[in-house]
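Protein chains: 2
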Amino acid sequence: MALSIVSNNLLADGLKDIQQDVDTAFDLLLPVPGDTRARLVEAMRYAAIGGGKRVRPLLLTATAAMFGVDRDAAVRAGCAVEAIHVYSLIHDDLPCMDDDDLRHGKATLHKQFDEATAVLAGDSLHDLAFEILSDTGTSGDPFTRAELITTLARASGMNGMAGGQMMDMAAEGADYDLQAITRLQQLKTGALLAASVEMGAILGKVAPDGRAPLRAYARDIGLAFQIADDLLDVTGDQEKAGKALRKDDEQGKQTFVTLMGVDGAKDQARALVDQAVGHLANYGDDAALLKALARYIVERDR
Amino acid sequence: MALSIVSNNLLADGLKDIQQDVDTAFDLLLPVPGDTRARLVEAMRYAAIGGGKRVRPLLLTATAAMFGVDRDAAVRAGCAVEAIHVYSLIHDDLPCMDDDDLRHGKATLHKQFDEATAVLAGDSLHDLAFEILSDTGTSGDPFTRAELITTLARASGMNGMAGGQMMDMAAEGADYDLQAITRLQQLKTGALLAASVEMGAILGKVAPDGRAPLRAYARDIGLAFQIADDLLDVTGDQEKAGKALRKDDEQGKQTFVTLMGVDGAKDQARALVDQAVGHLANYGDDAALLKALARYIVERDR
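As they're listed, the protein sequences go chains B and P. With the first letter of the first sequence counted as 1, position 160 gets the number 160 in this note's numbering; the numbers rise by one all the way through. With the first letter of the second sequence counted as 1, position 293 gets the number 293 in this note's numbering; the numbers rise by one all the way through.
Extracted from the complex, chain B is given alone in its bound form (with noise of 0.2 Å):
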């Protein structure tokens, strides 16, 4: 009990801080210019700064901190991720995608600005990413930028969470079993969430070897996100996901929760914490943060 507290009050302040170092420095990379592009990057800002749970950039810096990475420059490449994240949900949210009305618990970005600027402005973060990445403030060896951006491309593109998306429209209607099911989710939310972890260790020099029970962490974790994300779109209250829930029985789709029942899901998003939480054994309590954000990947109410 008194372990859980101390975990609990390290995730609370994980999640303060990385909140605010997020939207601190989204404030310093999008300052509003004096003409016409002005619209485009006040409609980057309404979508990147604030609301966010910021899961990934937590991912990012936690992993980047056991190993000693200047807190800046890891919240800099946390940014990037974000940044990809945010995009796909402008992207994902518009009329010929899934057409969502609310995010963060207020209006999308095409419902408050207008559909061009939301394909421009997620395109925009797109390349913000990596001007991220690519920037000496984010790391002065270029190895490692290099290997940063290798690793966010894939993780986005299509045979990341862009190819994800895909597989996702394909299976409204479509009769995938969990096999099928896990492979998508695998793209669609598990590449990005991994690819946090995995630069987060880039940063921090581990070596591809080194990086194994770290990339195992991030793979059961990103399926638990995900069983918890299906699970909440069946019994979430919408007001505090501040987003339309109950969407996935609406249009036929497929989901852990279809295939394996609440409880099954429950079990098994628990159980893929458990291991994840595991494969950090030999870390100890340098990777306290890290496992406090396994639990609460699951346990979260939005």
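Take these hints with a grain of salt, some might be off.
DSS-like cross-link-like pairs, simulated, lysine-lysine; straight-line CA separation at most 30 Å [claimed, not checked]:
#, chain 1, residue 1, chain 2, residue 2
1, B, K111, P, K253
2, P, K266, P, K53
3, B, K247, P, K111
4, B, K111, P, K240
5, B, K253, P, K111
6, P, K266, B, K111
Simulated from the structure, these hints should not be mistaken for laboratory data. Treat the numbers as computed from the prediction; the structure is a model and nothing was measured.
Using the hints provided, position chain P relative to the given structure of chain B.
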């Protein structure tokens, strides 16, 4: 006259070779996967393979060749720039943007597939550009890779192409003067053309100081290219152009042609090309292809 025939052949061969090499490279970069992502990759192939003039890859490879860069590496970097160009066309053609039905003489991507697939295919080509540049096949030197990525990300984002696109959207009905239109076009079209030349020089290990004449060349042809585009919109043959023309007038936009008149714009484009060619004087015959390309940019009919 003899010189003109030589340079015409040089250009014709250069265009033919790069069109072939870029198509071959995209074919290899985009294998269709055996799962439900197939539709996404087929859409990427539909947009990326065939049809384009490949002006940007030719600028890049012609510059790189002046400094003895391996052609395969230069073609790869050229494909990265072209992937950005193609993604921007896909998103620009969307109903919420320019709402175009025709591109390179065939149906636009969202007409051939659907809007959601077009958004995702654009996003995935956007990532592909950075995946290509971060691969060691483009350059074994991580510093070069990081510099290529920085250059391309800046040229395509809010301070480059996307920023110019936003200014262009705000231009409908606005009262832009020549200075504002020049600034807009330097971002919207010029940034990516300039990045193409710059990336050729980066691959050629030309130090930033030594790139000044190449940058001056790129700036001038960037403007000339856009003036030629504005002229094509007014005087061109839609069949040859393979896309909708007479759009600027319909949308009530100020362009170089509305501000300078057809003859004034033609004179200005030719003067810019002369000036661009002048910047390359010190390179002599090594720059013959870049010089011929400058002429082509204002004389093309598509």
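For this session: Please write out, lowest number first, the hints stated earlier that are contradicted by the structure.
Result: 4, 6
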